[in-house]
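Given chain A, put chain B with the ligands in place with the hints provided.
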Amino acid sequence: MTYLAKPKFHHPSLPKNAIGFTRRDYEASTSTLCAGCGHDSISAAIIEAAFELSIEPHRVAKISGIGCSSKTPDYFLGASHGFNSVHGRMPSVLTGANLANRDLIYLGVSGDGDSASIGFGQFAHALRRGVNMVYIVENNGVYGLTKGQFSATADRGSKSKKGVFNTDNSIDLVSIALQLGATFVARSFSGDKSQLVPLIKAAIQHRGAAFIDVISPCIAFNNHAGSTKSLEYVRAHNEAVNALDVMIGRDPITVNYAPGKVVSVTQHDGTVLNLRKINDEYDPGDRLAAMNFLQKHAALGQIVTGLLYVDSEADDLHSNFNTVSTPLNQLDTAALCPGSVTLETINDSLR
Amino acid sequence: MPLTAVNDFVIRFANVNGSGSASANEMFARAIMRMGIPMSPRNVFPSNIQGLPTWYEIRVTEAGHLGARGGTDFMVAMNPQTFNADVASIEPDGYLVYDSTRAMPPGKMRTDINVIGLPLTAICNKEYTDPRQRQLFKNIICIGALSALLDMDFAELEKLVGEQYKGKEKLIAPNVHALHLGREYAQANFSCPLGLRLKRSDKVGDRILIEGNAAAALGAVYGGATVCAWYPITPSSSVAEGFTRYCKKFRHDPDSGQARYAIVQAEDEIASIGMVIGASWNGARAFTATSGPGISLMQEFLGFAYFAEIPAVIIDVQRAGPSTGMPTRTQQCDLINCAYASHGDTKHVLLLPEDAAEAFDFTASSFDYADRLQTPVFVMLDLDIGMNHRLCRPLKWDDTKTYDRGKVLSAEDLDKVKDFGRYTDVDGDAIPYRTYPGTHPTKGTFFTRGTSHDGRAKYSENGAIYVEGMQRLLRKQDTAKELLPKPLRTNADKPTRFGVIYYGSTAPAMDEAAEMLASRGHTLNLMRVRAFPFHQDVASFIADHDFVFVVEQNRDAQLRSLIVNELDIDPVRLVPILHYDGTSITARFISGTIGDRLDALKVTPLRKAMS
Ligand SMILES: Cc1ncc(C[n+]2csc(CCOP(=O)(O)OP(=O)(O)O)c2C)c(N)n1
Ligand code: SF4
Ligand SMILES: [Mg+2]
Numbered sequence: 001m002t003y004l005a006k007p008k009f010h011h012p013s014l015p016k017n018a019i020g021f022t023r024r025d026y027e028a029s030t031s032t033l034c035a036g037c038g039h040d041s042i043s044a045a046i047i048e049a050a051f052e053l054s055i056e057p058h059r060v061a062k063i064s065g066i067g068c069s070s071k072t073p074d075y076f077l078g079a080s081h082g083f084n085s086v087h088g089r090m091p092s093v094l095t096g097a098n099l100a101n102r103d104l105i106y107l108g109v110s111g112d113g114d115s116a117s118i119g120f121g122q123f124a125h126a127l128r129r130g131v132n133m134v135y136i137v138e139n140n141g142v143y144g145l146t147k148g149q150f151s152a153t154a155d156r157g158s159k160s161k162k163g164v165f166n167t168d169n170s171i172d173l174v175s176i177a178l179q180l181g182a183t184f185v186a187r188s189f190s191g192d193k194s195q196l197v198p199l200i201k202a203a204i205q206h207r208g209a210a211f212i213d214v215i216s217p218c219i220a221f222n223n224h225a226g227s228t229k230s231l232e233y234v235r236a237h238n239e240a241v242n243a244l245d246v247m248i249g250r251d252p253i254t255v256n257y258a259p260g261k262v263v264s265v266t267q268h269d270g271t272v273l274n275l276r277k278i279n280d281e282y283d284p285g286d287r288l289a290a291m292n293f294l295q296k297h298a299a300l301g302q303i304v305t306g307l308l309y310v311d312s313e314a315d316d317l318h319s320n321f322n323t324v325s326t327p328l329n330q331l332d333t334a335a336l337c338p339g340s341v342t343l344e345t346i347n348d349s350l351r
Numbered sequence: 001m002p003l004t005a006v007n008d009f010v011i012r013f014a015n016v017n018g019s020g021s022a023s024a025n026e027m028f029a030r031a032i033m034r035m036g037i038p039m040s041p042r043n044v045f046p047s048n049i050q051g052l053p054t055w056y057e058i059r060v061t062e063a064g065h066l067g068a069r070g071g072t073d074f075m076v077a078m079n080p081q082t083f084n085a086d087v088a089s090i091e092p093d094g095y096l097v098y099d100s101t102r103a104m105p106p107g108k109m110r111t112d113i114n115v116i117g118l119p120l121t122a123i124c125n126k127e128y129t130d131p132r133q134r135q136l137f138k139n140i141i142c143i144g145a146l147s148a149l150l151d152m153d154f155a156e157l158e159k160l161v162g163e164q165y166k167g168k169e170k171l172i173a174p175n176v177h178a179l180h181l182g183r184e185y186a187q188a189n190f191s192c193p194l195g196l197r198l199k200r201s202d203k204v205g206d207r208i209l210i211e212g213n214a215a216a217a218l219g220a221v222y223g224g225a226t227v228c229a230w231y232p233i234t235p236s237s238s239v240a241e242g243f244t245r246y247c248k249k250f251r252h253d254p255d256s257g258q259a260r261y262a263i264v265q266a267e268d269e270i271a272s273i274g275m276v277i278g279a280s281w282n283g284a285r286a287f288t289a290t291s292g293p294g295i296s297l298m299q300e301f302l303g304f305a306y307f308a309e310i311p312a313v314i315i316d317v318q319r320a321g322p323s324t325g326m327p328t329r330t331q332q333c334d335l336i337n338c339a340y341a342s343h344g345d346t347k348h349v350l351l352l353p354e355d356a357a358e359a360f361d362f363t364a365s366s367f368d369y370a371d372r373l374q375t376p377v378f379v380m381l382d383l384d385i386g387m388n389h390r391l392c393r394p395l396k397w398d399d400t401k402t403y404d405r406g407k408v409l410s411a412e413d414l415d416k417v418k419d420f421g422r423y424t425d426v427d428g429d430a431i432p433y434r435t436y437p438g439t440h441p442t443k444g445t446f447f448t449r450g451t452s453h454d455g456r457a458k459y460s461e462n463g464a465i466y467v468e469g470m471q472r473l474l475r476k477q478d479t480a481k482e483l484l485p486k487p488l489r490t491n492a493d494k495p496t497r498f499g500v501i502y503y504g505s506t507a508p509a510m511d512e513a514a515e516m517l518a519s520r521g522h523t524l525n526l527m528r529v530r531a532f533p534f535h536q537d538v539a540s541f542i543a544d545h546d547f548v549f550v551v552e553q554n555r556d557a558q559l560r561s562l563i564v565n566e567l568d569i570d571p572v573r574l575v576p577i578l579h580y581d582g583t584s585i586t587a588r589f590i591s592g593t594i595g596d597r598l599d600a601l602k603v604t605p606l607r608k609a610m611s
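Those sequence lines, one after another, are chains A and B. All residue numbers for the first sequence refer to the numbering used here, where the first residue is 1 and numbers rise by one. All residue numbers for the second sequence refer to the numbering used here, where the first residue is 1 and numbers rise by one.
One or more of the hints may lead you astray.
What the hints assert, rightly or not - Calculated pairs, EDC-like style, for lysine to aspartate or glutamate (alpha carbon to alpha carbon, straight line, at most 20 Å): (1) 443(B) x 56(A); (2) 396(B) x 348(A); (3) 203(B) x 348(A); (4) 443(B) x 27(A); (5) 249(B) x 348(A); (6) 248(B) x 344(A); (7) 458(B) x 468(B); (8) 396(B) x 344(A); (9) 159(B) x 348(A); (10) 249(B) x 344(A); (11) 443(B) x 103(A); (12) 407(B) x 332(A); (13) 170(B) x 130(B).
Please keep in mind that the hints were generated in silico from the structure rather than gathered at the bench.
So that you can see chain A by itself, here it is in the shape it has in the complex (with noise of 0.2 Å):
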């Protein structure tokens, strides 16, 4: 545990962003998780991409589930609303929050064992809906928070802590998103910051159901030699398709030296995402190769990460719905109640 309380001084060297705000201001209590979890780290990618993209912290809900990776939305952006609501449930939630303000941005937290076991129902479903939201699962193969059984995304063969060998087959949540329709799909590592950060600002900016599978070592449970959610097996690993950069505005300025590497998505809201492709075949825009890709590596025991697929013109719930613009929850009596009269007539129908 990290017991030392941070200083609330802000020394005014601290660098501001668009809106004046240092990353102090998104910074919340401080994590009672293991020193050196993973899931400290993803926290800390969360504080800079909301710090980078100046998002007012107010306008933002954070929802999760029950586990370690559930409890840290106490600990980022402590200026906006948060619920740690019941295990494997955080998707229903975020989608019923959502459908009441759909002005807000909606940051789903989740554990493996809350959305691959316990809530593999609402995460698909969510995900199906096309929920505007981005939904982060804080993969560390374990339930760390009841002390280290395996999760559902253990991989076959695997070995717990205490020597067991898990004989189930993984789930893949990566390749579910993808098969379920998710808009925006993506996967990362706790420890690989330069690759997170621009992929849940990325995700942000997504309008539409935005999946990161964040690979995530429990350093108490899930860190040792037969595990393949270790950080020394990922690093070992991993296969990147691409790197990110966000640029945010109408009129990006690409700079670029390596043309032909780089594909450039715009967003709803115009952001730009421009990949540099570290594989040259990869294309994020084609959901039906993702899936090839992402099977052909893991035949390879490789563990791809990146932005798997993103469809820039994707529709959320709300546009299915066809609601409103404004919020559902400032609509008054006088916008929701047919009144009286409309009531005489129905009666009057009625005899």
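Just chain B with the ligands now, with coordinates in the frame of chain A:
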């Protein structure tokens, strides 16, 4: 002697599910209502869609008794599969109408009933060639024949056909023709009308005919619900479907055509309640509609909403349990499961409407209660109220009313208040203030959690802080008691030592039973409970009597248990009267059971026994 009665009999249609009889039967019921005669229709149906028996019963009741009566005076037996049982169930000297095209199914015909054979299939086959038409018009021809046999005002039927096919005028003439075919056959072959007959009356007044589920759905529209998340389950599905229908009509922006609502058919009931809680947390009025099995699945979230103090409205249309039980039969069997839903110490608000009109009122106000009390509120319907058309007073709305969104701080409020603590009891009514996400850049944010928390929503395992929070939640119930619909007491003309407590769909049968008991010399004071937690008047009512009968439709006397538990009443003083076979409770049952007890008991008054 064949039965004779004017405007006071029970007619039952035995049909094959999916044969198109439902709309014809309903038209027949409406025509009776249009003649100014109170009547009460009930569907009895299996949980399959096609091919199984269904019954549609209409109690014609000049006296206005809308509860089920029991027994059948006039049987329209159109289902060969149930024919023998249907015939056996007719009251002595009652009537049987059957399709006489084919020979009577084997079995000895009763000699104590009046048999009327209508060659419906033969008439149809002669008139129509299309098999679908033959099927559909058979029902209409039958209604036509009944109109003559029972002396129905034919003009009302013609008018109803006109209304039903408004916009499809081509269909009017053939339907009216079919009605005539039946009517003329009956007139030519029987001496019409029979002993049971209809006579125009003026007892319906301005009442309307509506299903409880539709009324609740309309209540949700009027109450300002914008988010509905649900998972299909009988007998509740028509609440969400009704909400969808009414929203399409009344909730689109007149200029843009866009929707001022969102309805999600969720993946299950856990997701449904999760969405409701998420939406309510974020300031929208949200509800779900379900039945017992769904309530079971929602348990964890309900405890969360109770503890984290998030509004939610749950409409529970109860059906017979446990498990899948009898999914298309009525009961009041979810009281305890809802009142104490979830693990740990919990207690929830229940509303107990008696009919569709109250279903409308209570559903509309449930959103005010949930917002004001910041807690889940259950609207407890049942299949009898929810899925049957019921005559009830017209729905009313006061246009001066605005929604009570409870204690919600705006950005301006936050600028004014010195200190915001999400779970701090500032006003002494045990209800704290809340904020919606996104309200203010620097003030009013808090972290919502199901773990123990202090007045500022911070995680705490401090025992004293936990106890303080739990005590405040209990005190909130006291605020609730004054806010919720009060119990209604009706005193007998004469003083009595006996009282009756009842609720929900038992009401019409109970009112009628009280009259029957009075004529047997038993006077009773009545109290209809309309909400949980109980108002002080419930305890006073019990204190005013030596014994109180608690009439309900479940096996385990659930309301009685709640009374014993919450009001610390000696169980001996509460006599359970229980009906739970899945049919609607009847006045005959109630008056029979209570009457026999009172006759047999000849109880020494408690006060005397103790002195
Ligand atoms: C209904 C329910 N069942 C079980 C638990 C116990 N539980 C808490 S966290 C957890 C697993 C968390 O695993 P994961 O989502 O992977 O999070 P991690 O701690 O690994 O970050 C379990 C089983 C619970 N809180 N609720
Ligand atoms: S147990 Fe594992 S997942 Fe939980 S805080 Fe510690 S390192 Fe992180
Ligand atoms: Mg985990």
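Do the alpha carbons of residue 249(B) and residue 344(A) lie within 20 Å of each other, as the hint requires?
15 Å, holds
Does the alpha-carbon distance linking residue 443(B) and residue 27(A) stay inside the 20 Å limit?
Given that 20 Å is the threshold and the Cα spacing comes to 15 Å, the pair holds.
Keeping to a limit of 20 Å between CA atoms, is the pair of residue 407(B) and residue 332(A) held or broken?
16 Å, holds
Check whether the Cα positions of residue 458(B) and residue 468(B) lie no farther apart than 20 Å.
Roughly 14 Å separates the two Cα atoms, so the pair holds.
Just to be careful, I want the Cα atoms of residue 248(B) and residue 344(A) compared with a cutoff of 20 Å; is the pair within it?
Given pair residue 248(B), residue 344(A) holds - Cα atoms ~18 Å apart, limit 20 Å.
Within a Cα-Cα threshold of 20 Å, do residue 396(B) and residue 348(A) meet the stated pairing?
Holds, because 12 Å separates the two Cα atoms, which is no more than 20 Å.
Residue 249(B) paired with residue 348(A) [C-alpha distance capped at 20 Å]
16 Å, holds
Given the proposed pairing of residue 443(B) with residue 103(A), does the C-alpha separation stay at or below 20 Å?
It holds: about 19 Å lies between the C-alpha atoms, which stays within 20 Å.
When you check the alpha-carbon spacing of residue 170(B) and residue 130(B), does it fall within 20 Å?
Measuring from Cα to Cα gives roughly 17 Å; hence the hint holds.
Take a quick look at whether residue 396(B) and residue 344(A) sit within 20 Å of each other, Cα to Cα.
This hinted pair holds, its Cα atoms lying about 8 Å apart.
Quick one, are residue 443(B) and residue 56(A) close enough, alpha carbons at most 20 Å?
13 Å, holds
Keeping to a limit of 20 Å between CA atoms, is the pair of residue 203(B) and residue 348(A) held or broken?
17 Å, holds
Of the numbered hints given earlier, the model fails none.
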